[in-house]
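Visitor: So the sequence lines, in the order shown, correspond to chains A, B, C and D.
For reference, each letter of the first sequence is one residue, going 797 to 906 in the working numbering.
For reference, each letter of the second sequence is one residue, going 529 to 639 in the working numbering.
For reference, each letter of the third sequence is one residue, going 502 to 584 in the working numbering.
For reference, each letter of the fourth sequence is one residue, going 779 to 1025 in the working numbering.
None of these hints come from the bench; they were simulated from the model.
A hint or two may mislead.
[Unchecked claim] EDC-like cross-link-like pairs, simulated, lysine to aspartate or glutamate; straight-line CA separation at most 16 angstroms: (1) B:Lys627 <-> D:Asp943; (2) D:Lys897 <-> D:Glu837; (3) A:Lys878 <-> A:Glu798; (4) D:Lys884 <-> D:Glu1022; (5) D:Lys780 <-> B:Glu579; (6) D:Lys897 <-> D:Asp860; (7) B:Lys553 <-> B:Asp634; (8) C:Lys526 <-> B:Glu632.
[As the list claims (entries may be wrong)] Derived CB-CB ranges, DEER-like: (9) D:Asp860 <-> A:Asp824: 15 to 25 angstroms; (10) C:Ile509 <-> D:Phe805: 46 to 56 angstroms; (11) B:Glu632 <-> D:Gln881: 41 to 51 angstroms; (12) C:Ile509 <-> D:Asn815: 25 to 35 angstroms; (13) D:Gly986 <-> B:His629: 31 to 41 angstroms.
Ideal Cβ placement from N, Cα and C applies to all residues, glycine included.
Take a look at the letters that make up each chain.
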Amino acid sequence: MEIISGVFLIIGGLFYALGGLGIFRMPDTFDRIQAGTKATTLGAFSILIGVAFMFPSWSLKLFLIALFIVLSNPIGSSALAKATYRSFGGPSNVERDDLKEFLGGTKDVD
Amino acid sequence: MLQIAGLLLMMLGLYGLLTNRNVIKIILALNILEIGLNIFIISIGFVRGGEAPIFSSETTSNALVYVDPLPQALVLTAIVIGVGTTALGLAFAKQIYAKYHTFELDEMGEE
Amino acid sequence: MLINVLEIIVSILLLLLAFLALSSKSLIKSVMFLSSLSMLSVVAFVLMKAPDVALTEAVIGSGLVTSLFVFTLLATRKVGQKQ
Amino acid sequence: MKKVLALVFVLVLGALIMNHLNDNNLFAGFGDAMLENRVSQSYIDRDATENNDGVVFDESLDLESGAANTVTAIVADYRSFDTLGEVTVLFISSFGVALLLGQSKKRIALEFKPNFMLKIGSRALFAVILMTGVFVSIHGHLTPGGGFPGGAMIASSMLLLYLADDEFRAKMRGFKILESVMGVFYIILGLAGLMITGFFLENFLDNGALGTLFSAGMIPIVYIIIGLKVGSEISSVIDHFLSEEGA
């Protein structure tokens, strides 16, 4: 049991480390948001699974924490990305920018 | 170490309170003073190697050493009072801005 | 021994963040430094075995007080307002 | 000149505090506080039994205060009158904010138009955070937390709704009624203690076994009252800050 939980904990730590590396190495704010969100969601999940194997009586609370993460992480990152788009414009190295037309219909972009 | 840090934080907040001339900065310095004071009060009751004063199935016996719960109870209420005073101060700052259109105390008065 | 090193690091960071919050020119940056100072003081409370105080400070100090400061700046500076 | 004066004042104050802290027996250095000389030792011991031979988890029945969390026992039982005054201070400050910022109709419009995902997702998150706040309030006598952080969590779930939807207004009248009713309940609880035991806010319920949910006498009731009161007060403060002078 402890070996299984240890494996999950190590995987989670590895994902967190990769997410941190991604935040340092990515060139753009949008890429950094992506690296910081996706990797840490998976890392948090495997750490929670590892803890659940180690202390089976905590499973219900850990499931609630996982539910909170799966709800809050995408919403926060999308709000962050949209605020970045509003303040500093879109990413520089893309060819199409559909969001500009979409937003231009409802409200002018500053 | 944390005791001295709390004391220094308190002194830093008091210095900021005395020297700043901006309303928002004054409220901010008051908040820093409050955090430093809270750390200082909690550090008075800290026992190295003591347990948190909560009984659970692992830590029950009275033979264990616990940290002092009384400063923690006092600080718990002080934090909630702190948010009340901060809200009141910020409401005053908002009204001051509505009247004088500035936060700086030196630029007020000419309306 | 590890706890001692952690205490010293947290103390130095607390003082540094307080100095930055007081000396920063922009008000919104000061508020953000105050928020991080409050979040770091949670670590100090946990190190001193005060979980109740840490929970309260985490909710109030870094959430509600910061949002009240930001709302005041938002209402007075006309930052987020439509013309 | 003024800065130098302020610096000297602050340094003298700090030196005085440090000096007096070091030559007092009660306040030893950092990390070796001696609880034998303080009143806190009796709060930890719970020596209601005749022979004070320790407290057993899940079994002890006749304790002075049945809360597993000693900090909660101090806040909501031993010093409950203090907490009543503190809740009153919070009420007065929220009342002051309401008087200063006035009764206004219009909300501050945010530049950030919420999209579909933000609206729906924040509704779901609202439920999770609200349930966490209620959980923390109810389990205040067993785990870290209690009415104050629980009420603040309820208020921050309201804050989330205010931020995610720029048309949203809560019913302020409901908050004010809830807050007043909870304040009255607190006083009624104190008066019931006065009538039954002879002391204001004295615990008059059964203590139960240490560590179970239905234990610790009236501490859970007090903390539910405090949680709802703090939550409604801070929510109304947030609403006043997010509205501007009526046009």
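Visitor: Each hint needs a verdict: does it hold in this structure or not?
Guide: Now for the hints, and whether the structure bears them out:
| no. | hint | in the structure |
| --- | --- | --- |
| 1 | B:Lys627 <-> D:Asp943 | violated, 30 angstroms |
| 2 | D:Lys897 <-> D:Glu837 | violated, 48 angstroms |
| 3 | A:Lys878 <-> A:Glu798 | violated, 42 angstroms |
| 4 | D:Lys884 <-> D:Glu1022 | holds, 6 angstroms |
| 5 | D:Lys780 <-> B:Glu579 | violated, 46 angstroms |
| 6 | D:Lys897 <-> D:Asp860 | violated, 41 angstroms |
| 7 | B:Lys553 <-> B:Asp634 | holds, 14 angstroms |
| 8 | C:Lys526 <-> B:Glu632 | holds, 13 angstroms |
| 9 | D:Asp860 <-> A:Asp824: 15 to 25 angstroms | violated, 54 angstroms |
| 10 | C:Ile509 <-> D:Phe805: 46 to 56 angstroms | violated, 22 angstroms |
| 11 | B:Glu632 <-> D:Gln881: 41 to 51 angstroms | violated, 29 angstroms |
| 12 | C:Ile509 <-> D:Asn815: 25 to 35 angstroms | holds, 29 angstroms |
| 13 | D:Gly986 <-> B:His629: 31 to 41 angstroms | violated, 60 angstroms |
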